[in-house]
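J.: Single-letter residue listing:
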Amino acid sequence: MNVQQLMIDLIGQAAANVFSTMLDSQLGAPEASIEKGMPEVNDGIVSFIGLAGAWAGTGSVVCSPEVACRVCSRMLMTETTSVDADVLDAVAELTNMIVGSVKNDLEPHLGTLGLSIPTVVFGRNFRTKSAGAADWVVVRFPWEGDVLQVKLFLAPTERAPHAVAHMMGQTCPLEV
Amino acid sequence: MESDVLVVDDSAAIRKILQRVLRQTGMAIRKIHEAGDGQEALEVMKSQSIHLVLTDINMPKMDGIQLLGALKSSPQWHKIPVVMITTEGGETKVGEAVRLGAAGYVRKPFTADQIKEKLAGILDPALPV
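Sequences listed follow chains A and B, in order.
Heads up, the first sequence stops at 157 in the numbering used here, and the numbers go up one at a time, no gaps.
Heads up, the second sequence stops at 131 in the numbering used here, and the numbers go up one at a time, no gaps.
Misleading hints may appear alongside valid ones.
Distance windows between CB atoms, simulated [claimed, not checked]: (1) A:Ala66 <-> B:Arg22: 43 to 51 Å; (2) B:Arg22 <-> A:Gly9: 23 to 31 Å; (3) B:Ala114 <-> A:Ser97: 22 to 30 Å; (4) B:Asp6 <-> A:Thr93: 30 to 38 Å; (5) B:Lys33 <-> A:Thr2: 39 to 47 Å.
Some chain B residues judged to face chain A by a derived CB distance under 10 Å, without partners named [as the list claims (entries may be wrong)]: (6) Ser13; (7) Glu42; (8) Met61; (9) Ala72.
If you are wondering where the hints come from, they were derived from the structure by calculation, not from laboratory data.
C-beta: ideal position from N, C-alpha, C; glycine also.
Based on the provided sequences and hints, a complete structural model is requested.
T.: Shown next as structure tokens:
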């Protein structure tokens, strides 16, 4: 089993489910890619949530302020036109639900994972860098003329049973 | 009799959504109280007469499992139904919540109907929770 393809599939399912359930809206067909963990310039909103356990890494949602305001408006059923505490909170919760769902569905394959409290950044011309991150799974969703990205980086820790299996030269179904 | 409900979640967005859903359930609610973590929730419990608690699990300071443990070990509050509403789906935390005496569990993302059905089951002892 290819872990990155599994992450792509689960992100697609989780994001579609969160948008239909909490926002009563449908995302467009996702496009996935693998990106190197280079620092990148950001404008808009980036949220992060940490994952730890047998595998460790970070989940992230990236979107424009306009998309964030629309997420908040749909989630809270209020009209929101500028980025305020409610908008940042809505994006944090969106991240928590999408990455949390992916985490739950990955656990049967990767072992128990813990989820941190999400952090949201809003600004212009800022760079983000996750220590240790190599390849990110990036899934872009078209949504009402805009784009929302969900990113995930996960790598096995020394506690991962399959990492031990690989080190010992044993058979392991996971392709890392 | 009208009930006082306590909603515990570090996300203000989720607290607002649950406020709206609770108002739509048809429950006789006197007041919905809010707390951002387990510690705040216990402070509210001390000063208010709460009949039902809806709580997230992953929260800063004191999480939902710790809050549930504190409530269920209290002679004053152990009979109050506590419903876990959380992203956590892992058997470890859900199993722990069940062992500690949670009345129900709803996984985020949730629909208003899922919350209503769960609360109906808890408020009507004949229905499974």
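J.: Compare the structure with each hint and give your call.
T.: Hints versus structure:
1. A:Ala66 <-> B:Arg22: 43 to 51 Å: 18 Å, violated
2. B:Arg22 <-> A:Gly9: 23 to 31 Å: About 28 Å separates the Cβ atoms of Arg22 of chain B and Gly9 of chain A, which means 23 to 31 Å holds.
3. B:Ala114 <-> A:Ser97: 22 to 30 Å: The hinted range 22 to 30 Å holds for Ala114 of chain B and Ser97 of chain A, with Cβ atoms some 28 Å apart.
4. B:Asp6 <-> A:Thr93: 30 to 38 Å: Holds, since Asp6 of chain B and Thr93 of chain A (Cβ atoms, about 36 Å apart) stay within the stated range.
5. B:Lys33 <-> A:Thr2: 39 to 47 Å: 27 Å, violated
6. Ser13: 4 Å, holds
7. Glu42: The hint is violated - Glu42 of chain B has no Cβ within 10 Å of chain A, the shortest such distance being about 15 Å.
8. Met61: 8 Å, holds
9. Ala72: 20 Å, violated
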